[in-house]
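If you read the sequences in order, they're chains A and B. Number 183 in the numbering used here belongs to position 167 of the first sequence; there are no gaps in the numbering. Number 243 in the numbering used here belongs to position 239 of the second sequence; there are no gaps in the numbering.
Any given hint could be a false lead.
[To be verified] The calculated DMTMM-like cross-link candidates involving lysine to aspartate or glutamate, where the alpha carbons are at most 25 Å apart (straight line), are:
{"no.": "1", "chain 1": "A", "residue 1": "K29", "chain 2": "B", "residue 2": "E197"}
{"no.": "2", "chain 1": "B", "residue 1": "K35", "chain 2": "B", "residue 2": "D663"}
{"no.": "3", "chain 1": "A", "residue 1": "K27", "chain 2": "B", "residue 2": "E302"}
{"no.": "4", "chain 1": "A", "residue 1": "K29", "chain 2": "B", "residue 2": "E302"}
{"no.": "5", "chain 1": "A", "residue 1": "K34", "chain 2": "B", "residue 2": "E406"}
{"no.": "6", "chain 1": "A", "residue 1": "K29", "chain 2": "B", "residue 2": "D355"}
{"no.": "7", "chain 1": "B", "residue 1": "K450", "chain 2": "B", "residue 2": "E247"}
{"no.": "8", "chain 1": "A", "residue 1": "K106", "chain 2": "A", "residue 2": "D42"}
{"no.": "9", "chain 1": "B", "residue 1": "K442", "chain 2": "B", "residue 2": "E226"}
{"no.": "10", "chain 1": "A", "residue 1": "K29", "chain 2": "B", "residue 2": "E363"}
{"no.": "11", "chain 1": "A", "residue 1": "K29", "chain 2": "B", "residue 2": "D388"}
{"no.": "12", "chain 1": "A", "residue 1": "K29", "chain 2": "B", "residue 2": "D402"}
{"no.": "13", "chain 1": "A", "residue 1": "K27", "chain 2": "B", "residue 2": "E401"}
{"no.": "14", "chain 1": "B", "residue 1": "K139", "chain 2": "B", "residue 2": "E248"}
{"no.": "15", "chain 1": "A", "residue 1": "K161", "chain 2": "A", "residue 2": "E151"}
{"no.": "16", "chain 1": "A", "residue 1": "K34", "chain 2": "B", "residue 2": "E363"}
{"no.": "17", "chain 1": "B", "residue 1": "K372", "chain 2": "A", "residue 2": "D42"}
No wet-lab data here; the hints were simulated from the structure.
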Amino acid sequence: MTTANQNALAKYKNNFLKEVEANVEDGHWVKMCMQCGVCAGSCPLGPHWEHSPQKLFMMIRAGKREEVLGSDSMWMCTSCYNCIVRCPRKLPITHIMHGLANYAHRLDLAPKGQPTRDIAKLFWDNLAKTGRVNELKFSLAMYFKDGFGQGVKNAMAMQATGLGLLKAKRLNPMEIIGGHKCKDISGIKKMIAKAREIEDRRRGLA
Amino acid sequence: MADNKFAAYICSGCGIGDVLNVGALEKIAQKEGKMAIVKNHPFLCNAEGVQLIKDDIANEGVTHLCIAACSRRAKAEAFSFPTVAVSRANLREGVLWVIAEGADHDEVRQEMAEDYVRMGCAEVKKMTLPGGNLKESSSKRILVVGGGMSGMTAALAAADAGYETVVVEKSGELGGFANKLLKRVPFSGPYAEPQPTGAANMTARVSHHPLIKVHLNSTLAETAGAPGRFNAKIAQESGAVAEELVGAIVQATGFTTYDIAKLPELGGGQANVVDQAGLEAMAKAANGGAIKRADGKEVKSVVFVQCAGQRDASGVHLPYCSGHCCATSIKQAMYFKDQNPDVDTVVIYQDLRVPGMGEDFYRSAQQKGVIFTKGKAGRVTGGDNCKVEFRDLILDEDTSAEADLVVLATGQVPSAGVNLDDWTATVTAAESGDETAKAKKIELQKTSVLNLTYRQGPDVPQFKYGFADSHFICFPYETRRTGIYAAGPVRRPMDMLQAQEDATGAALKAIQAVENAARGRAAHPRAWDLSFPKARLEGCTQCKRCTVECPFGAIDEDEKRFPLFNEERCRRCGTCMGACPVRVISFENYSCDTVGSQIKAVNIPDEFEEKPRILILACENDAYPALDMAGIQRITYSAYVRAIPVRCLGSVNTIWITDALNSGYDGVMMMGCKKGDDYQCHFVKGSEMAHYRMSKIGDTLKQLGLEPERVQTQEVAITDNARVARLIDEYVAQINEIGLSPMKGFG
Ligand code: SF4
Ligand code: SF4
Ligand code: SF4
Chain A
17 MTTANQNALA KYKNNFLKEV EANVEDGHWV KMCMQCGVCA GSCPLGPHWE HSPQKLFMMI
77 RAGKREEVLG SDSMWMCTSC YNCIVRCPRK LPITHIMHGL ANYAHRLDLA PKGQPTRDIA
137 KLFWDNLAKT GRVNELKFSL AMYFKDGFGQ GVKNAMAMQA TGLGLLKAKR LNPMEIIGGH
197 KCKDISGIKK MIAKAREIED RRRGLA
Chain B
5 MADNKFAAYI CSGCGIGDVL NVGALEKIAQ KEGKMAIVKN HPFLCNAEGV QLIKDDIANE
65 GVTHLCIAAC SRRAKAEAFS FPTVAVSRAN LREGVLWVIA EGADHDEVRQ EMAEDYVRMG
125 CAEVKKMTLP GGNLKESSSK RILVVGGGMS GMTAALAAAD AGYETVVVEK SGELGGFANK
185 LLKRVPFSGP YAEPQPTGAA NMTARVSHHP LIKVHLNSTL AETAGAPGRF NAKIAQESGA
245 VAEELVGAIV QATGFTTYDI AKLPELGGGQ ANVVDQAGLE AMAKAANGGA IKRADGKEVK
305 SVVFVQCAGQ RDASGVHLPY CSGHCCATSI KQAMYFKDQN PDVDTVVIYQ DLRVPGMGED
365 FYRSAQQKGV IFTKGKAGRV TGGDNCKVEF RDLILDEDTS AEADLVVLAT GQVPSAGVNL
425 DDWTATVTAA ESGDETAKAK KIELQKTSVL NLTYRQGPDV PQFKYGFADS HFICFPYETR
485 RTGIYAAGPV RRPMDMLQAQ EDATGAALKA IQAVENAARG RAAHPRAWDL SFPKARLEGC
545 TQCKRCTVEC PFGAIDEDEK RFPLFNEERC RRCGTCMGAC PVRVISFENY SCDTVGSQIK
605 AVNIPDEFEE KPRILILACE NDAYPALDMA GIQRITYSAY VRAIPVRCLG SVNTIWITDA
665 LNSGYDGVMM MGCKKGDDYQ CHFVKGSEMA HYRMSKIGDT LKQLGLEPER VQTQEVAITD
725 NARVARLIDE YVAQINEIGL SPMKGFG
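Bound conformation, chain B alone (with noise of 0.2 Å):
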């Protein structure tokens, strides 16, 4: 620590030179920067830039270094120097490219890029080098749970790609859903026929794999631990618990079908009303000949309701779609059909939706002769002669169809274990004495899956209609457990192709979670990362703010009930800093100094000199690239505002807020992801944080006599470029409205 050795280097390239001072920004770097080291270059970026940065790190014994020059997110390669801490002040896209042209702005300008190089001076100075997490020995295994299609998939993808994989099958035999099916949809061309499942095919691929090891009627005991290092404990049928140390799970627990029995309007429950599995009994049973009924009729003619309990407004049944059940009531009308031309097929379908290629089945279907009939069913009677009553949606008008056999098209139901937020809410009942939550929580930890035993709860969170987490929008296959992915109809409902593409994905994702691990990095979207939050427990007041926060469940409670970080899990997104009330949470590079310093940094005109001075904290996934992205296209905006980077919106703590506001900021911007249902947060819950810690901050703005106004927060996408020039120079002229802040010179 003792030898640290600060330089800045100021490139002129790109035409810095030609419109900034670099001189006077030398000397702001030397002597408000304090940097003991100061060098300009034409061309920083280019190998003699670059090597005399080298040579200074060799020679000089530099240890940080400010480059200012362009934004972070450009010439990364170039301007890597993995020894030392790096800090970068944004002045080609951040100041350059986006400040109006013309002598008008030349002062504007150059106070703006000055205070980037004071920002990047003081940012680095309190910034330290990331040290890594490396773990003596860290687990490469791979654990899949359930042996259905979508498990086996993923078993097989991570055992051929040279991981070691266990695999935990509920039942006694691998193959699951699949082997209920007669057979297939078709995953190629032409797209004409039904076809095997070739779940048998795979059952014995899994067994005889040398990397896979399968354990049937097992479920998961529990599951400790974290990416590298989780420790499964396996339930077996006799009794007796087999424990495998793994790297990351892969949870393929599948689905249930819709229960029929809540479908009496439909006919559920009454004779000759079956659902798709119910017909593909009767298919299997028939075994290539006339499918019968259970009173051994040979089925003459058989109308297939669509959307059975799905796409429900009424809140009762199924909301969703499942995807697949179009596509399956055609392959089973073609049961019939390739059997017996004869018998009459009706499909009675309200949208007729086939992803993929299903069209070309549907066409197939068509030529075999089965009828499509856009409708709704209204009640369907079962019986020796069933009727389905229906609105024909294309002729206007109620009408019935007569058949000795109604199959419904009900939907998929995830097995994704415990829904959290009922977790949490029973948890917190029972701690405080009530019985039934109690025993409701034994309840309901026997319907866990993985039965973690994070603080957060047994399972992964659920998304939307209780299906197993997903980062639907962008990542679909992370979860908010890192190291732990969903793969097939536990995450959205989906057919049998989609699910094994689902799975092929989640066991790269597992692989790559395996591999972050062992290198002591953290896993998306951060994956390079090597910093992780440290607390300094002494000051912490166990208000588990930070524990609660975490989008990720990375932090446990210890014997003493401070917090404990689980830094495999973690994702670096810093929630947990913005979420601390006495800032003892940090990273090596990412601190509430490393932020505040630099807000601290920037010179702030006094009241008379009219220039407003905003500070802008932008997402540096979406919000940032955004901002650069105005700058590459010479977007202009406004030379008064200060645009620091931050990983997640999440990770904004109020002091810098605050700070600003004290030290004489007019206004604070902050730029995030998308909150809500459909959130575009990279780190989930983040954004939605930020807003909800900022929603408290007008008692905090009324102390200091300030206007609400003074604290904004947008939802900025990564496509905002326009949107984002705009949006700052509205609150530009917003500020100017409302005055400038009454707090300058207090600072």
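Chain A on its own, in the form it takes in the complex (with noise of 0.2 Å):
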């Protein structure tokens, strides 16, 4: 599938709708859509954004592949449901956002540094490690992911917080070695091994 990367793709032809269909979770719906722009308006994101939910189903429709894939759009959206309430066609508008911005990163088009896509990293790679979120981890990964003078700056900012977290026992320092893990961890680990591969089966990923 990855060649599709390379494809020149035709305007207006079917081939990178039919691209979506197969590998975007709920891509089906996008042919769906028709353009009234109920989700444009609804979304709370509209101002901050470059392409609105009927903007990208209309880019996928007119085989814009590079630039529906390169879009930082998707990565923006909240999860706030507002489209998915109103869309008169009944689009999982949220859920195809949340499948397109999947799909672009497992591709690696999705933009580098799009702080989303950098936190979703984050957390994902941290919650796979030992089957749970360390939290104080996970900040400290946020911290310092824009290097380590920044990290500072960002953790002396926060001191305050931190210190209210400890005191009210929300906040456990021994984390940072170790800290409590699953039970069966090879067994987590094997069950995302196999939930990503019958994915990537299914999108042609593998």
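Build the complex: two chains, separate frames, hints provided.
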């Protein structure tokens, strides 16, 4: 499927739409959009991103593969579900947005340094290691994701909050060494590997 | 005539007796109204009250009666006395309910009621009971012109209802445009797949129906007469002429497609650019297989361009939307997808309009993978590899799509025959000896569909954009040619389902028309009316205003060039009566005198009393009901007005206005329906005529030394109940400002 990356796509042909249908969660809904613009008008993030769901769906139909998968718009979605609730054609828009983001990520066409994408990656890596989210490590990883100097600055800025959490026993400093884990880590890892295998197979990404 | 006996009945029910001095009203009816019998009753519309009147008719020989009670629009059944002439004085809706309560208003309220009694008595004295226009023989057969889906539907509807029907079809077979289609859009759930047209089935039913007679390869050479007695000469291919006597006509002559050669910028005329009809032919030829181009190549990608030469604001192409073409393109895209889902089908639309349940059909096409793109096509180039350049209106960019085939969704052009404006201008020029006009008249005649022998021209008038006439806003089936009903795309652009519904309605209208004609009554909107216009030809100056102004082409000319009324064509609007400068046209129950005598019956106070009198002439279809409804809602207005219902503002003769002003009225208010392109006038042109005539009344006012504000014309809709009251009060205030009429005391 990665060959599709190099595919020169004819405009307003079905190629990219078919790719989306095959590989993106709920992608088969894209053709059903009637371009009413209700989602675009409903999205609270509307003014802050380049492509509304309406536009993205039209771009898919127009065959604009690079632009769609390289767009940062679907990363901006906050899952507020406004659009889903309002779409007269009942498109599961939020899910499609996430599906598109995920697909772009997997193909590594998603924008580099996109904060949502970075956080999602950190979160996932953190979680996959022990089967539980280590909040302390996750926060630190976030502070330091843009380098050591920035990390220190971030940590200083959040100092008061951190101390407060400590006092209230909401934060255990000992988590920094290992932290608590699931009982059967290898089982969890196997499970994740299997899930990924199934998904990749389904999406032709294996 | 000798034994006329007049009676007045005054009701004191509904609170009338509590507020008005009924005894005084009775005296007025007796002394001023000169009624031989005057009675009052506390509940006139109940069985006892009605019996009282019936007894007087039977035992006392009453021939004319005035009922002073509620509006003429109320209790019409109780107060129906078909053997005598009846007038109604509107005391309830017209006085009691609209004049403010309280002793302050007692005097003006009573004066108003007394005037209405005077008017009711004066009116009935000028009325006679209409005799009707029963004809010995009246045909109830129905002629359907056009054998397409609309025509066949109308014929079957009429025939199934038991009416003999004659179908005239120009071509050699029934079915019309539907014969050219592979399939039609679905008419019933789940609205997902194209369906067989059903034309063959209908053709068979029509051909074998015992009550339907079909003339193929035939046209109408001449149509003479009127509802109930149309004589149609049907020219057959062989040259023979068949004659059919029919009572009403349904014109279902359909449409032609807009010529794509007129759209060179959209590739019209180039290879592999076709219109929707062209695609149907290709799909039929493919017969379920892959659709192939003229050069034999299988179509792998197709672009549909919607609104091609339609909704065009430049004035070059069709300005309107044909309504069916979005759904048709959806259907045609499915032809491709159903045969081979890998064919790329793109529909470029500006607004996808799919009336009815078309939205489901649209969704079905999306499910099948048809791509819809909101855009405006700029340039199309045909050839082996067609290209459609367009502006993508969502992505807001100029772009293009390539395809093996481009389909242009062009519009429907009605086949409505001769444009009567053009005809009248040509005939007028031809009559004054213009040779080119004479030649043009012959050419025009050839394009006529109905070839009516009417003085007003050979076809029905045309509505906007050349469609056959329709009272579009209020009564879409009605045309200005009584007994002739247009149905289907000749009337407005429409799809097959709408055309069939339309045709069914037209068939019902035709049935009404033949039944009304047989009973000697008017057609819509006065279908119960037995009166018809009579002209005292001794007085006629042959000015032809009636002939020209009759909105329905009811008046021809006889050999001596006098107006020749065709009662069956007449709608009883009275426009001719309003037009006639020497006032020789009248109805038994509605005439210059019935209204004129009411105007004169009103008691005009002298100028020192400072009570203005304003005459309201209100159209009885919309304005008068609006006044009544103001009463029903207890919306008050000034007690200085006196309202007289008129059949149509078109029936207002200027003599009424000058009489009123001469006898000291301070102002005249005319209330009629909306005129102009989007008219709501029941009689189409009546309100417009009235406005036109009143625009000329300025000179008369000047001669009388009166201000132009003393005559006012208003457009009033039936829902304007609050507005009429406001208009009245504003006008009274305006009259008070300019001062009372100087004419008082001279009348
Ligand atoms: S769910 Fe996402 S795309 Fe939809 S309205 Fe909310 S933020 Fe916008
Ligand atoms: S609301 Fe639904 S149909 Fe409308 S533009 Fe958005 S996705 Fe399309
Ligand atoms: S009453 Fe109306 S329809 Fe009848 S002849 Fe006069 S103008 Fe024509």
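Tested hints:
no., hint, result
1, A:K29 - B:E197, "holds (23 Å)"
2, B:K35 - B:D663, "holds (24 Å)"
3, A:K27 - B:E302, "holds (20 Å)"
4, A:K29 - B:E302, "holds (17 Å)"
5, A:K34 - B:E406, "holds (18 Å)"
6, A:K29 - B:D355, "holds (21 Å)"
7, B:K450 - B:E247, "holds (19 Å)"
8, A:K106 - A:D42, "holds (12 Å)"
9, B:K442 - B:E226, "holds (19 Å)"
10, A:K29 - B:E363, "holds (23 Å)"
11, A:K29 - B:D388, "holds (18 Å)"
12, A:K29 - B:D402, "holds (17 Å)"
13, A:K27 - B:E401, "holds (13 Å)"
14, B:K139 - B:E248, "holds (18 Å)"
15, A:K161 - A:E151, "holds (15 Å)"
16, A:K34 - B:E363, "holds (23 Å)"
17, B:K372 - A:D42, "holds (16 Å)"
Consistency with the previously given hints is maintained throughout, with no hint failing.
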